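Here the protein sequences come in this chain order: A and B.
The opening position of the first sequence corresponds to residue 0 in numbering that gives the first Met the number 0, with each subsequent residue numbered one higher.
The opening position of the second sequence corresponds to residue 0 in numbering that gives the first Met the number 0, with each subsequent residue numbered one higher.
If you're looking for bench data, these hints aren't it; they were derived computationally from the structure.
Model, not experiment: these values are computed from the prediction.
Accuracy of the hints is not assured; some may be wrong.
Treat identical chains as interchangeable: a pair holds within one or across any two.
Unchecked claim - Listed next, the in silico DSSO-like pairs over lysine-lysine satisfying Cα-Cα at most 30 Å (straight line): (1) Lys296 / Lys124; (2) Lys78 / Lys245; (3) Lys208 / Lys159; (4) Lys224 / Lys245; (5) Lys55 / Lys124; (6) Lys123 / Lys308; (7) Lys233 / Lys159; (8) Lys263 / Lys289; (9) Lys6 / Lys120; (10) Lys55 / Lys11; (11) Lys11 / Lys263; (12) Lys263 / Lys58; (13) Lys159 / Lys245.
There are 2 protein chains.
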Amino acid sequence: MAGRIEKLFGIKYPIIQAGMIWCSGWELAAAVSNSGGLGIIGSGSMYPDVLREQIKQCKLATEKPFGVNVPLLYPDIEKHMDIIVEEEVKIVFTSAGNPATWTSWLKERGITVVHVVANTKFAKKCEEVGVDAIVAEGFEAGGHNGREETTTMVLIPMIKEVCGLPLIAAGGIGSGKAMAAALCLGADAVQVGSRFAASVESSAHENFKNTIIQTGDGATELTLKELVPVRLIKNAFYHQVQEAYKRDASVEELKALLGHGRAKKGMYLGDLEEGELEIGQVSATIHEIKPAGEILKEMVEEYNYVIGKIETL
Amino acid sequence: MAGRIEKLFGIKYPIIQAGMIWCSGWELAAAVSNSGGLGIIGSGSMYPDVLREQIKQCKLATEKPFGVNVPLLYPDIEKHMDIIVEEEVKIVFTSAGNPATWTSWLKERGITVVHVVANTKFAKKCEEVGVDAIVAEGFEAGGHNGREETTTMVLIPMIKEVCGLPLIAAGGIGSGKAMAAALCLGADAVQVGSRFAASVESSAHENFKNTIIQTGDGATELTLKELVPVRLIKNAFYHQVQEAYKRDASVEELKALLGHGRAKKGMYLGDLEEGELEIGQVSATIHEIKPAGEILKEMVEEYNYVIGKIETL
Chain A
0 MAGRIEKLFG IKYPIIQAGM IWCSGWELAA AVSNSGGLGI IGSGSMYPDV
50 LREQIKQCKL ATEKPFGVNV PLLYPDIEKH MDIIVEEEVK IVFTSAGNPA
100 TWTSWLKERG ITVVHVVANT KFAKKCEEVG VDAIVAEGFE AGGHNGREET
150 TTMVLIPMIK EVCGLPLIAA GGIGSGKAMA AALCLGADAV QVGSRFAASV
200 ESSAHENFKN TIIQTGDGAT ELTLKELVPV RLIKNAFYHQ VQEAYKRDAS
250 VEELKALLGH GRAKKGMYLG DLEEGELEIG QVSATIHEIK PAGEILKEMV
300 EEYNYVIGKI ETL
Chain B
0 MAGRIEKLFG IKYPIIQAGM IWCSGWELAA AVSNSGGLGI IGSGSMYPDV
50 LREQIKQCKL ATEKPFGVNV PLLYPDIEKH MDIIVEEEVK IVFTSAGNPA
100 TWTSWLKERG ITVVHVVANT KFAKKCEEVG VDAIVAEGFE AGGHNGREET
150 TTMVLIPMIK EVCGLPLIAA GGIGSGKAMA AALCLGADAV QVGSRFAASV
200 ESSAHENFKN TIIQTGDGAT ELTLKELVPV RLIKNAFYHQ VQEAYKRDAS
250 VEELKALLGH GRAKKGMYLG DLEEGELEIG QVSATIHEIK PAGEILKEMV
300 EEYNYVIGKI ETL
């Protein structure tokens with residue numbers, strides 16, 4: 000029986016591919032959508048022209064639903080939103096900001112709106128302002144994250160207590176068993192980032208993909224909490240940040256150290272030392288670069304195996 | 000069908016009550032064991048004489064199996080171990096140390112040994128030195144914790160990849176749905192701390208129990224990483240620690256600030272401001288003080304409900 004998220008988006012499996020800067024262009028989004036999940040173009044790393052071209056390519060590559068992720072801290076966001084409407088994108092995931100800002104505007108234009116949260120306060124806010132579904136993202140997730148540090152295991156039941164919206168669990172989910180766990184916790188669907196970052200169709204640099212599949216436990220940390228908290232691989236750049244902390248660097252110094260283009264340098268251009276490498280803890284259990292369709296198929300198979308095998312007491 | 004952990008301990012349900020300083024004396028351990036789980040006396044806060052008396056009382060209060068938890072950083076540990084053998088305790092959980100130190104000694108005396116780990120390195124070590132089962136404890140757990148910050152959602156599958164021992168998941172688990180999630184991830188059983196800290200039979204001060212049921216999201220943090228990382232409620236003492244960090248305090252200053260008896264002051268004597276209040280993130284979803292047997296019964300019922308309802312795709 001199709002669940003709330005499958006019905007909302009018109010998809011076969013309750014698996015959403017996370018919109019990730021420098022990793023999720025149209026190739027990845029179309030591959031996931033064509034395999035029965037929901038593919039998402041991550042617009043956070045794209046100039047307006049690039050985003051338009053990516054959406055056009057995605058429409059050519061799939062007839063299935065797909066979405067666009069828009070981080071609300073993006074400076075040129077009005078242009079992005081106009082392009083999304085002009086290109087008739089039907090599903091928008093907003094993140095890193097207040098859901099009140101864009102939800103009505105998007106809904107008035109017939110767009111399904113999903114907002115990413117990491118705490119109960121914003122989950123309640125989403126319900127108030129008419130968001131259609133939420134992603135609740137745990138501490139273990141890669142990239143930008145909440146300050147409360149609540150993990151997926153705790154966050155999903157906590158959010159369910161205060162918010163009745165369809166709920167997509169994110170953070171630490173890259174396998175069928177983690178998907179089964181998330182649905183047991185009360186989620187309607189899962190959002191998968193790191194596992195798809197290391198897919199064939201990911202637009203990440205090969206160096207970064209190869210790094211993802213080689214990381215072990217303790218390889219990442221949520222840092223730069225004075226700016227926007229972000230989970231990074233502990234490479235040379237990360238250690239520069241830690242040195243800055245040791246000398247009690249100001250927020251301005253941290254901003255200067257981060258500079259511009261660190262994420263592109265690391266994830267898209269493959270500079271593993273000076274670049275910013277955003278990935279989740281779950282990368283420690285990812286060992287192979289695979290086609291996105293295969294990843295999705297294996298997740299569904301493993302999910303069915305786990306659910307079929309588990310017994311009541 | 001009974002799983003590996005039920006068989007190993009001779010218990011009905013795969014639910015272990017965590018050994019917690021100042022919370023888990025014989026009343027709680029016996030209540031959990033009498034309800035079909037495994038009760039644990041937390042010896043970390045006990046003088047040798049107290050531990051002996053607690054074990055004696057527990058044997059009078061239940062004929063079911065129970066265990067004793069011994070943090071390996073405890074100074075008077077030889078006396079504790081001798082008492083455990085003299086009083087014929089059959090199950091010992093060791094934590095906060097190297098499993099190589101005591102496992103052989105305990106095994107030679109016919110005792111089942113379980114060790115608590117937070118990373119793959121020590122999980123492998125446990126298998127090498129002949130430990131019978133492991134607890135893998137995620138970042139969200141209360142009290143002392145690992146430096147890798149790996150969450151339960153990621154830790155359980157990660158440990159399963161490298162260690163074939165019976166596996167007990169800990170961290171973020173205080174409900175039947177979280178228990179279902181943990182078993183989907185590959186755990187054989189769960190260890191539950193915070194939920195039992197707020198039970199009628201917990202030896203914690205009423206002030207602390209009432210605080211546990213009132214915390215919301217973001218109320219705890221893993222701090223004091225320079226000493227032994229510990230998850231605490233953000234009370235006045237916690238803020239003193241954060242002030243110390245701001246003035247770049249040395250490890251010696253942090254030790255002096257922590258001082259002696261902080262945990263007793265907070266959790267046992269009920270000083271909510273100057274005491275150390277160790278609890279897990281899951282406290283945000285705990286809203287009522289209940290008898291331990293009722294907690295266990297509700298967990299099993301909710302687990303069965305969740306497992307009965309979830310469908311394959």
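Status of each hint after checking the structure:
Proximity of Lys296 to Lys124 under the C-alpha cut-off of 30 Å is found in neither arrangement, the shortest distances being 35 Å within a copy and 35 Å between copies. For a Cα distance limit of 30 Å, the shortest separation of Lys78 from Lys245 qualifies neither inside one copy, at 40 Å, nor across copies, at 41 Å. Within a single copy, Lys208 and Lys159 get their C-alpha atoms only as close as 34 Å, which misses the 30 Å cut-off; across copies the closest is 24 Å, which meets it. Proximity of Lys224 and Lys245 under a CA criterion of 30 Å is satisfied in both settings, with 15 Å inside one chain copy and 14 Å between copies.
Within a single copy, Lys55 and Lys124 get their C-alpha atoms no closer than 33 Å, and across copies no closer than 53 Å, so neither meets the 30 Å cut-off. Taking CA atoms no more than 30 Å apart as the test, Lys123 paired with Lys308 passes between copies only; the shortest distance there is 27 Å, against 36 Å inside one copy. Proximity of Lys233 and Lys159 under a CA criterion of 30 Å is satisfied inter-copy only: 24 Å between copies versus 33 Å inside one chain copy. Taking identical chains as interchangeable, the C-alpha atoms of Lys263 and Lys289 lie at most 30 Å apart only when both belong to the same chain, with a minimum of 22 Å there against 52 Å between chains.
In this homomeric assembly, Lys6 and Lys120 come within 30 Å of each other (Cα to Cα) only inside a single copy, at 26 Å, whereas the closest approach across copies is 44 Å. For a Cα distance limit of 30 Å, the shortest separation of Lys55 from Lys11 inside one copy, 23 Å, qualifies, whereas the shortest one across copies, 58 Å, does not. Taking CA atoms no more than 30 Å apart as the test, Lys11 paired with Lys263 passes in neither setting, with 33 Å inside one copy and 54 Å between copies. In this assembly of identical chains, Lys263 and Lys58 lie within 30 Å of each other by CA distance solely inside one copy; the values are 25 Å within and 63 Å between copies.
Proximity of Lys159 and Lys245 under a CA criterion of 30 Å is satisfied in neither setting, with 39 Å inside one chain copy and 36 Å between copies.
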